[in-house]
Each structure stands twice: as C-alpha cells, then as structure tokens.
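Chains as they are written, first to last, in my numbering: chain A, 98 to 231; chain B, 7 to 395.
Treat the hints as calculated values from the structure; they're not laboratory data. Where hints are given, some of them may not hold.
Pair ranges (Cβ atoms, derived) [claimed, not checked]:
hint : chain 1 : residue 1 : chain 2 : residue 2 : range
1    : A       : 159       : B       : 270       : 34 to 40 Å
2    : B       : 196       : A       : 161       : 32 to 38 Å
3    : A       : 155       : B       : 12        : 57 to 63 Å
4    : A       : 177       : B       : 69        : 54 to 60 Å
5    : B       : 72        : A       : 205       : 39 to 45 Å
6    : B       : 367       : A       : 149       : 56 to 62 Å
7    : B       : 72        : A       : 117       : 26 to 32 Å
8    : B       : 145       : A       : 149       : 54 to 60 Å
9    : A       : 155       : B       : 188       : 28 to 34 Å
Positions of the beta carbon are idealized from the N, C-alpha and C atoms, including for glycine.
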Amino acid sequence: MTHRVLPIPNSYMDTRPFWDAANNHVLMLQRCDDTGRYQHPPRPASLYTGSRNVSWIASAGKGTLYSWTVTYSAWPGHEHRVPYICAYVQLEEGARILCNLVNCEAEALTMGMPMKVSWETLAPDVCYPAFEPA
Amino acid sequence: MNANRDVGIVAYAETKITLRGGRSAYDLAADVFASILDSTGLEVSDIDGLAVAETMSETANPFWPAYMADMLGLSPTWLESSGLGGVSAIGGVARAVAAIRAGLCKTALVLSTDAQSSKNQSEQGGQRHEFQYPTGLRGPTGVFGLLMRRYAHLYDLDPRALAKLAVTQRNHALLNENACEKLRIPLTEEAYLDSKVVSDPLRMLDSVMVCDGANAVLVASEEVIKEKGLAKAVYPTAYSELTNYKAFDSSAEITETGFSVVGPKALEQANLSTDQIRMFHPYDDFLIAILMQLEQIGFCNVGRGSDFILNTDLSFTGDLPLNTGGGQISAGQPGLAGGGLNLVEAVRQMFGEAGDRQVENPANAMVTGIGVIPIGRNWSTSAVMILEQ
Numbered sequence: 098m099t100h101r102v103l104p105i106p107n108s109y110m111d112t113r114p115f116w117d118a119a120n121n122h123v124l125m126l127q128r129c130d131d132t133g134r135y136q137h138p139p140r141p142a143s144l145y146t147g148s149r150n151v152s153w154i155a156s157a158g159k160g161t162l163y164s165w166t167v168t169y170s171a172w173p174g175h176e177h178r179v180p181y182i183c184a185y186v187q188l189e190e191g192a193r194i195l196c197n198l199v200n201c202e203a204e205a206l207t208m209g210m211p212m213k214v215s216w217e218t219l220a221p222d223v224c225y226p227a228f229e230p231a
Numbered sequence: 007m008n009a010n011r012d013v014g015i016v017a018y019a020e021t022k023i024t025l026r027g028g029r030s031a032y033d034l035a036a037d038v039f040a041s042i043l044d045s046t047g048l049e050v051s052d053i054d055g056l057a058v059a060e061t062m063s064e065t066a067n068p069f070w071p072a073y074m075a076d077m078l079g080l081s082p083t084w085l086e087s088s089g090l091g092g093v094s095a096i097g098g099v100a101r102a103v104a105a106i107r108a109g110l111c112k113t114a115l116v117l118s119t120d121a122q123s124s125k126n127q128s129e130q131g132g133q134r135h136e137f138q139y140p141t142g143l144r145g146p147t148g149v150f151g152l153l154m155r156r157y158a159h160l161y162d163l164d165p166r167a168l169a170k171l172a173v174t175q176r177n178h179a180l181l182n183e184n185a186c187e188k189l190r191i192p193l194t195e196e197a198y199l200d201s202k203v204v205s206d207p208l209r210m211l212d213s214v215m216v217c218d219g220a221n222a223v224l225v226a227s228e229e230v231i232k233e234k235g236l237a238k239a240v241y242p243t244a245y246s247e248l249t250n251y252k253a254f255d256s257s258a259e260i261t262e263t264g265f266s267v268v269g270p271k272a273l274e275q276a277n278l279s280t281d282q283i284r285m286f287h288p289y290d291d292f293l294i295a296i297l298m299q300l301e302q303i304g305f306c307n308v309g310r311g312s313d314f315i316l317n318t319d320l321s322f323t324g325d326l327p328l329n330t331g332g333g334q335i336s337a338g339q340p341g342l343a344g345g346g347l348n349l350v351e352a353v354r355q356m357f358g359e360a361g362d363r364q365v366e367n368p369a370n371a372m373v374t375g376i377g378v379i380p381i382g383r384n385w386s387t388s389a390v391m392i393l394e395q
C-alpha cells in the first residue's frame, strides 16, 4: 500500500483546530469576528481587517464546483494516484478551498455543480477534506 | 515612472539557455557581467548599483545579493534583492531607475541568474504543506489547468489560438542561438494539439521547460550616458506593478488579474494606446497567460483573446511581434531569471541588434512580468513596463 502525502500541522501558524476537527470529520473555517466574513486557507490575521480577531467556525461543508483539473503528471509523492482530480470548491460561506474530488468521473463534472465534503483517511488519525458531488 | 529620458537602459547580455548545464548561478552571472563591461567599455568601478533577482538554485543563502557583489568585485551604494519571481527583472529596472533618481547610485546592473534545472534549493512552504501538497496539485501547472478550465467556461477558448502562440514563439526560437537547443525544433499546430495533457486541459506544450541561464541589463543616468559616451540607450517610460490583486476577496474571479489594473496604468503613464505598442514581450510561463494579458492590458476585449490571436500576425514581421526570441516557452525558462529573458530581447530589438529576427522600426516595447503562483486565487504579482526610444 502506498502512503499518501500527509499534511504537516502547525507548519506556519496554530492550525490544530482545523486538524483536530478534521479527524472528527468537521471542516473548520476561519471567520473574521468583526466583518463576519470567512477565509481559507487559514492565516494569522483577518484578510479583511488585519486584526487578530478571527475564530474557527464549523463549515456546513457544502459548496459549488468552481473549477477542476485532471492531473496526469503527478506532484511528487502522488505518482501512484494518477489520474486524480484537483478542484476549487466555492464554499457556501464564501471561502474557496483547494481539494481532490472523489466518487465521481471527470466527464460528468459541470461548473457550479453542488458539492459536499467527503473525508479521506490519509493515515490513522489523519483525515483530509476532499469533495464529492452532493 | 515618467517620460523624462533621464535614466536609460544602456546595455544587455544573456547566456545561452541550457538544460541541466551544471554551471552555477554565480558562474553564469560572470558571463553576462563580462559581456556588459565589454559592450559598454565601462570598468567594474563604474558600476555602483546592483539588483539581483532571487533564484531557485541559491535561495538557501539569505545573503545572496551581497555574495554576488563579492563575486563580481562590486561595491554598490545601492544593493537590491528582487524577490518578485518573474517580475524581478522589470521590477529591478524600475527600482534601479528610482534609486538613480533618488541619488543612491548612478549606474546599476540589474542581474538575473538561476541554475534551477541543475540545482533547486527552494522550499516554498507557507500554507502549502497543509493545504496544497496533500492534494497532489501539480504546482503552477495544476493552478493553470484550473485557470484554463475556468477561462474556457466563461469565454470562448479556441485551442487553435494557443497553438498559434506556441508555433509563433517556436519559430522565433529557431532564429535565436541563445534558446535552449532541446527546444529549437520546428513545431506544428498539430503537434501542439497532440501534445501530452499534464493537468487537463493544460498540455505540456502550454508551459515552460525549466532550464539554467543568466541575463542582465545596465541602467544608467543621463549624466553617465553622456560622460561615458554610451552609444545606445532605451528608456523605461512607464511601469506599473500590483501584488495580490483583490487580496481582500475570498471569492475573487481567478481569471481576473492584476493586469487589468497595471496594463491600463502603464499605458496611461506613457501616454500610449495598445495600437501604438510596436512589440509585445509578455511573461509567458503558460500560453493562456499570454492570452489573458492581451485581454486585460487592453489589446482586445476580455473574452476575445482567441479571435485577436487568430487575426493578428504575431511574427517578428507582423503587426504585433510577440516574444521575438521565442519567449520562455520556446527558449527555455532560466528559473527565476526568466523574467529577464523577454526584457533582454526587447532591448536587443530596440538596439537594432536582433539580426535575422530584427523587427522593423522598433520604436517601443511592452514587457511584462508575472511573479509567484499561489492557490485559490490568480497569480501574485503582475507588472508592465514600457520602453521607448
């Protein structure tokens, strides 16, 4: 069995809330407390105000397909998975997430398709958000 | 930037682009440095400013520009580290012009050199270890696959237009002895359309091949030009740059780029319209980026890029000569020195030294740069420079 490339938590800021929730199959998003707007990927400050007033909020895990690409030439560590689909999903909350698409054929995808989060188990205790047609 | 001819580009140089050539970025830099001193007759001590682009091959060294000054025997009163990716060359020129006008130096070497295909020390980190690498997105290639699909959804994208860009630039590379030999083979539109899909819908021939190489331009004040009797000069009359377009907007349309801002701004500064641009030397990491720049700078309307390309002669004898040395896609991308490739070609053309591919009456040139490809949004830095006689 070939191993998946794992995320390295806390590599640039404290992202433990994201990864702990991921292992419970909950997708966390940062929300700017002052404007109520969401941002992803997580950042140390609010994109909107520059302040540190950001909270982690559980996302509904739903969105629409914004774009996708079928990868034939793998990023290192992913050779065994080719071909695989990478995509942007525009979440209901207004943030955009880069993800893999699962449980679907590329030929059946259409722009704006409703998508929902589908958790991949990359390793024991490491879950990662992918998306599938809703 | 203003229309005064008080600071000019007085020399250019570049090495041959090689694939895994094995020479270091320092060694490649020595070639272009010696060439510039030779073509201008200047001494090492005449150069009092140095801008060095960041690299992939030496990036582990935080003191890289100072090391380069030492290697070249320079004692600059202005030393700049240009970490703008593909914008580093024209960005370096713009900063050199500002430095010269501010009295920080008089004669600045704007140097770009990278041995990325021989040695890559970069670790781009940030959010990538958590939110990008585990998905397997193939870096810039994957990002542009996503971008192309999005563009094709919103507008008409005709693959024959991309094929024409590929073939036009390849034909130019066939006339360019500095282009990477591996790329100097004729290309047909059929071969482009048949080429391997790497990140659907992006094909291998839509993108650059990473190589090694160095290039430089010398920027000098009017006073120095007169004093040293420098025979040739072209003048940056406009420069506009923007990083992280729509930073505040998590829903920003990824096909909308900073060029929609910096293109019109640069044209306004130079008091020129796109009709008056004689040559176009756009940053070409990917063919779709050329099409998008044509639209957003204003050569045609957004969504009409394919038509514009199919109906315009982009060869060096045509109405809008495009990357007359082949661009990075057909000459090779010398790592992070790539931003200087098209700049040097523009200067070469305007000096009348382009030989078999000389553009007639090269009155001006627009040179652009793109720097850094993040995720979830359009590219990071967009920049446009206009050069005039």
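Verification of the hints:
1. Taking 34 to 40 Å as the suggested C-beta distance range, the pair residue 159(A) and residue 270(B) conforms, at roughly 38 Å.
2. At roughly 37 Å, the beta-carbon separation of residue 196(B) and residue 161(A) lies within the given 32 to 38 Å, and the hint holds.
3. The supplied range of 57 to 63 Å is met by residue 155(A) and residue 12(B), whose beta-carbon atoms lie about 59 Å from each other.
4. One distance hint, 54 to 60 Å for the beta-carbon pair residue 177(A) and residue 69(B), is violated here, with the actual separation near 40 Å.
5. Between residue 72(B) and residue 205(A) the C-beta distance comes to about 56 Å, which lies outside the given range of 39 to 45 Å.
6. Residue 367(B) and residue 149(A) have their C-beta atoms about 57 Å apart, which keeps the hinted 56 to 62 Å range intact.
7. For the pair residue 72(B) and residue 117(A), the supplied restraint of 26 to 32 Å is violated, since their beta-carbon distance comes to about 44 Å.
8. Roughly 31 Å separates the CB atoms of residue 145(B) and residue 149(A), a value that falls outside the hinted 54 to 60 Å.
9. At about 51 Å, the beta-carbon gap between residue 155(A) and residue 188(B) misses the expected band of 28 to 34 Å.
Consistency with the previously given hints fails for numbers 4, 5, 7, 8, 9, ordered from lowest to highest.
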